[in-house]
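Please build the complex by placing chains B, C and D on the supplied structure of chain A, with the hints as guidance.
Chains as they are written, first to last, in my numbering: chain A, 8 to 262; chain B, 8 to 262; chain C, 8 to 262; chain D, 8 to 262.
These are calculated hints, taken from the structure and not from any lab test. Quantities reported herein were computed from a predicted structural model and do not represent experimental measurements. Just so you know, not all the hints are guaranteed correct.
[Claimed, not checked] Cut-off 20 Å, straight-line C-alpha distance, at most; resulting in silico cross-link-like pairs (EDC-like, lysine to aspartate or glutamate): (1) A:K161 to B:E23; (2) A:K37 to A:E57; (3) B:K137 to B:E125; (4) A:K189 to A:E235; (5) B:K37 to A:E57; (6) A:K11 to C:D247; (7) C:K15 to A:E252; (8) A:K144 to A:E119; (9) A:K11 to B:E250; (10) D:K194 to D:D155; (11) A:K15 to C:E248; (12) A:K161 to B:E22; (13) B:K11 to D:E250; (14) A:K175 to A:E186; (15) D:K137 to D:E119; (16) C:K161 to C:E185.
Number of protein chains: 4
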Amino acid sequence: MAQKWRTKISFNTKEETYIRGYPLTQMIGKLSFSEGIYLLLKGELPTEKEKKMFDAIFVSVIDHGVAPPSVVALRNVISGGNSLHVGVAAGVLTFGDYHGGALEDAMRFLQEYGKDEEDVEAVATRLAEKVVKEKWKISGFGHKYYKDFDPRTKKLMNLAKELGLFGKHCRLALALEEEIYKIKGKKLVLNVDGAIAAITSDMGFDYRLGKGFFIIGRIPGLVAHAFEELTQEPPFRRLDEEEIEYQGHPPRNLE
Amino acid sequence: MAQKWRTKISFNTKEETYIRGYPLTQMIGKLSFSEGIYLLLKGELPTEKEKKMFDAIFVSVIDHGVAPPSVVALRNVISGGNSLHVGVAAGVLTFGDYHGGALEDAMRFLQEYGKDEEDVEAVATRLAEKVVKEKWKISGFGHKYYKDFDPRTKKLMNLAKELGLFGKHCRLALALEEEIYKIKGKKLVLNVDGAIAAITSDMGFDYRLGKGFFIIGRIPGLVAHAFEELTQEPPFRRLDEEEIEYQGHPPRNLE
Amino acid sequence: MAQKWRTKISFNTKEETYIRGYPLTQMIGKLSFSEGIYLLLKGELPTEKEKKMFDAIFVSVIDHGVAPPSVVALRNVISGGNSLHVGVAAGVLTFGDYHGGALEDAMRFLQEYGKDEEDVEAVATRLAEKVVKEKWKISGFGHKYYKDFDPRTKKLMNLAKELGLFGKHCRLALALEEEIYKIKGKKLVLNVDGAIAAITSDMGFDYRLGKGFFIIGRIPGLVAHAFEELTQEPPFRRLDEEEIEYQGHPPRNLE
Amino acid sequence: MAQKWRTKISFNTKEETYIRGYPLTQMIGKLSFSEGIYLLLKGELPTEKEKKMFDAIFVSVIDHGVAPPSVVALRNVISGGNSLHVGVAAGVLTFGDYHGGALEDAMRFLQEYGKDEEDVEAVATRLAEKVVKEKWKISGFGHKYYKDFDPRTKKLMNLAKELGLFGKHCRLALALEEEIYKIKGKKLVLNVDGAIAAITSDMGFDYRLGKGFFIIGRIPGLVAHAFEELTQEPPFRRLDEEEIEYQGHPPRNLE
Chain A
8 MAQKWRTKIS FNTKEETYIR GYPLTQMIGK LSFSEGIYLL LKGELPTEKE KKMFDAIFVS
68 VIDHGVAPPS VVALRNVISG GNSLHVGVAA GVLTFGDYHG GALEDAMRFL QEYGKDEEDV
128 EAVATRLAEK VVKEKWKISG FGHKYYKDFD PRTKKLMNLA KELGLFGKHC RLALALEEEI
188 YKIKGKKLVL NVDGAIAAIT SDMGFDYRLG KGFFIIGRIP GLVAHAFEEL TQEPPFRRLD
248 EEEIEYQGHP PRNLE
Chain B
8 MAQKWRTKIS FNTKEETYIR GYPLTQMIGK LSFSEGIYLL LKGELPTEKE KKMFDAIFVS
68 VIDHGVAPPS VVALRNVISG GNSLHVGVAA GVLTFGDYHG GALEDAMRFL QEYGKDEEDV
128 EAVATRLAEK VVKEKWKISG FGHKYYKDFD PRTKKLMNLA KELGLFGKHC RLALALEEEI
188 YKIKGKKLVL NVDGAIAAIT SDMGFDYRLG KGFFIIGRIP GLVAHAFEEL TQEPPFRRLD
248 EEEIEYQGHP PRNLE
Chain C
8 MAQKWRTKIS FNTKEETYIR GYPLTQMIGK LSFSEGIYLL LKGELPTEKE KKMFDAIFVS
68 VIDHGVAPPS VVALRNVISG GNSLHVGVAA GVLTFGDYHG GALEDAMRFL QEYGKDEEDV
128 EAVATRLAEK VVKEKWKISG FGHKYYKDFD PRTKKLMNLA KELGLFGKHC RLALALEEEI
188 YKIKGKKLVL NVDGAIAAIT SDMGFDYRLG KGFFIIGRIP GLVAHAFEEL TQEPPFRRLD
248 EEEIEYQGHP PRNLE
Chain D
8 MAQKWRTKIS FNTKEETYIR GYPLTQMIGK LSFSEGIYLL LKGELPTEKE KKMFDAIFVS
68 VIDHGVAPPS VVALRNVISG GNSLHVGVAA GVLTFGDYHG GALEDAMRFL QEYGKDEEDV
128 EAVATRLAEK VVKEKWKISG FGHKYYKDFD PRTKKLMNLA KELGLFGKHC RLALALEEEI
188 YKIKGKKLVL NVDGAIAAIT SDMGFDYRLG KGFFIIGRIP GLVAHAFEEL TQEPPFRRLD
248 EEEIEYQGHP PRNLE
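Okay, chain A solo, but in the shape it has when bound:
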């Protein structure tokens, strides 16, 4: 009978752990962290160029300050009297559809419209019309402050070109930004989520792994915030009464 627990990722003997076939003890000291991550996720070792691209991608999302809901949730959980790992887990939990989800959505979108043999520019024109005229919502485009270009996108895209990893999905993403601009006369910038989505798609990753790139890249930020909360702040954060607006039923008696 088939075992209930199957995996292609790794296995242990008494003496060794094998990651995608490679002995872990051979990996230590030889592979960089990004190379190890690539091996785990892809099943094969990266080239020097793929490693560099991975480093850039993870660094681009490594932390975003204390303001996002993941950090606020994490710090509140720690302040309830919990260990570092419980706070970090609460931070990861916060990565729902609106917090890292754009990356995954953009990958799905680019992989869906980038799979045909069709000319990328033709697809981009067609999609741009949908976006502008039918008001399609697309993930990975648009930014609150960057109206001309997202500097992180620029960095990542230039690097992808330099490293020879700039393929069909990257071209589609940038062509779409361009086509929307032509029709609308206003830019809807390709943001950092969109850029990562395009590049990881060109690197051959399944869109269902999209959120994983964000999680791996952002974990160090969560750990840093959890450690700071644990060591620097008094326990039990709570909202002040002045921060709260009660809009419910006024006081009444039971009976």
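This is chains B, C and D only, laid out in the frame that chain A set:
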């Protein structure tokens, strides 16, 4: 009045995110992931040697197969019909006192006994007697299968020496292994948790960050297992009746 | 400016907590737990009949043995060396689309097709055809073992009738079961999720609260299992090698 | 060989689920939710009096407004784009040592000092001296605003007396409050956590289940807040820049 939200880690302007003072857009493409992690956790950039040490440490814990409780918990959570990030969070939750906790405990122990000016060998002798005669439990020592040495420890310690990061805490850890052997005539090997604990202590990290090194290193493994479960396995794992032994009250009627 | 924290549920003064307007100290000793839950969720006190219905609903899902993925996840998390509340949280996390989700889906379905003035039987006939001929998937119907009727459904539906809480949504659910049987000649039984969905819909609850009924009812089971694991089992569960089938790349060397 | 999965709580056959030996279908409509919870946790059915006590205990902690860290964490997690159950799980995660932990600590304390045959008053006098003179920290005593008595404690203790559930642990708790007052001339009031701890101890529950009473009682509050956030609030809460004080390294350039 002081703000309720204080941080030394990072901040955002409309145009940029600053990590420990450095603009994120400058970091992309210039820093490796491990360098970014070091900067976040330590507040300053690593040397080339510290970067290499970090790479080796994270790779040494990157995955350990499907067997550990974190992966079983994660896969059950995914199988209940959850997204990738929820499964990964459940994996992180599992990292309690018995799962990654040895690293933190060993750091605390080594930092406590390694802080004095006293001769490391004298401390090791004294501690070894406690361990052998008073049966002190110490974290970071002992292994189910490795009875002579832990090959991961050997790799990491050799690298630490090569990179000039082998200091007082590493010496204490190895001296203690040696002294216990002398008294007991049997090895209690310094395992990979103990090795990482000693090296990160010598790199100047607070023991309360200990679990963080394990979390950061193991996250790629959790992501890989979550993705595999999500894409390869049918939903709703459940135990078969044959796996369960009911030891409670026999059936009875209400009234 | 509007506060960022708004609520209609409850508020505190220095001396008292008010739940939907009622002083908490007045509630203690006067309201049963189910009455308190109803007040919190609905905003008003239940009648004696609504209270009884709530009691029956929560009891009907209170525990389901050690086999479901929520309990397996919970026990693995505890076994990693975590506190009771962390294990319970992992259990709650497991309640995704396939674990309690049927209740919410069935509520949405019944509320969508039960909102029209149209005759319930006509709607049921129309839906039954979709289910049988177009193979629509509907939540809250079907059971692995119960092929004639689900005894829990029978209990809950009889009670709803007795208490005068059997309305349009209950009629639609049972009519649909009946119509499918007529067309197909085989029963697709209304299961316990479907029954709770129909009754809570008739009690006026929003389908988006559906999972909440399951969570509240099942929490005592999770707490009981977490306590048992914590006090009766050795730490660090792990799969035996015999339970695992490795299907990945065979061992190979790095260089 | 012994099974890896053992339980005394419940088991399933194809036709029925048995909770502590009782068929679940018999329980539906016959037991109140509190009776079902008692059965699950204790292994036997409660008397009418024990049922009433349970109702009062759970109601006494059912919700505490939007201010506590559990609700703030929960709402931030929901706002990241997550489902109801994920938010509720984050709320449960927050219940660490400082958030519900006092109940468990007070149970342990009362069970430790209440187990001897010794006269309760003598123990109380001895403990009061430790508290006042040696500044022992005790959980379950003290309140930010209630300086004379905690009205919830009064309600619960009066009910316990009325129901004949006021035993050795309740006497110890109140005697200790009294003795501290005598020595110090100032009250350290027995708060609601302390009252629940004393009563559940007299009802025969293990202190390691302490947090469980809090979790079960507070879950409806978490569900209500999660539902409100999900249906009433826009996604992605984030701190405003004015709420944050950056205290780290000023901006600098990489190279």
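Here's how the hints hold up against the structure:
1. A:K161 to B:E23: holds, 14 Å
2. A:K37 to A:E57: holds, 16 Å
3. B:K137 to B:E125: holds, 17 Å
4. A:K189 to A:E235: Judged against 20 Å, a Cα distance of about 47 Å means the pair is violated.
5. B:K37 to A:E57: holds, 15 Å
6. A:K11 to C:D247: holds, 12 Å
7. C:K15 to A:E252: With a Cα-Cα distance of about 9 Å, the restraint between C:K15 and A:E252 holds, given a limit of 20 Å.
8. A:K144 to A:E119: With a Cα-Cα distance of about 15 Å, the restraint between A:K144 and A:E119 holds, given a limit of 20 Å.
9. A:K11 to B:E250: Distance ~12 Å between A:K11 and B:E250 Cα, so the pair holds.
10. D:K194 to D:D155: holds, 6 Å
11. A:K15 to C:E248: holds, 15 Å
12. A:K161 to B:E22: holds, 14 Å
13. B:K11 to D:E250: holds, 7 Å
14. A:K175 to A:E186: holds, 16 Å
15. D:K137 to D:E119: holds, 15 Å
16. C:K161 to C:E185: holds, 14 Å
Against the hints set out earlier in the document, a violation occurs for number 4 only.
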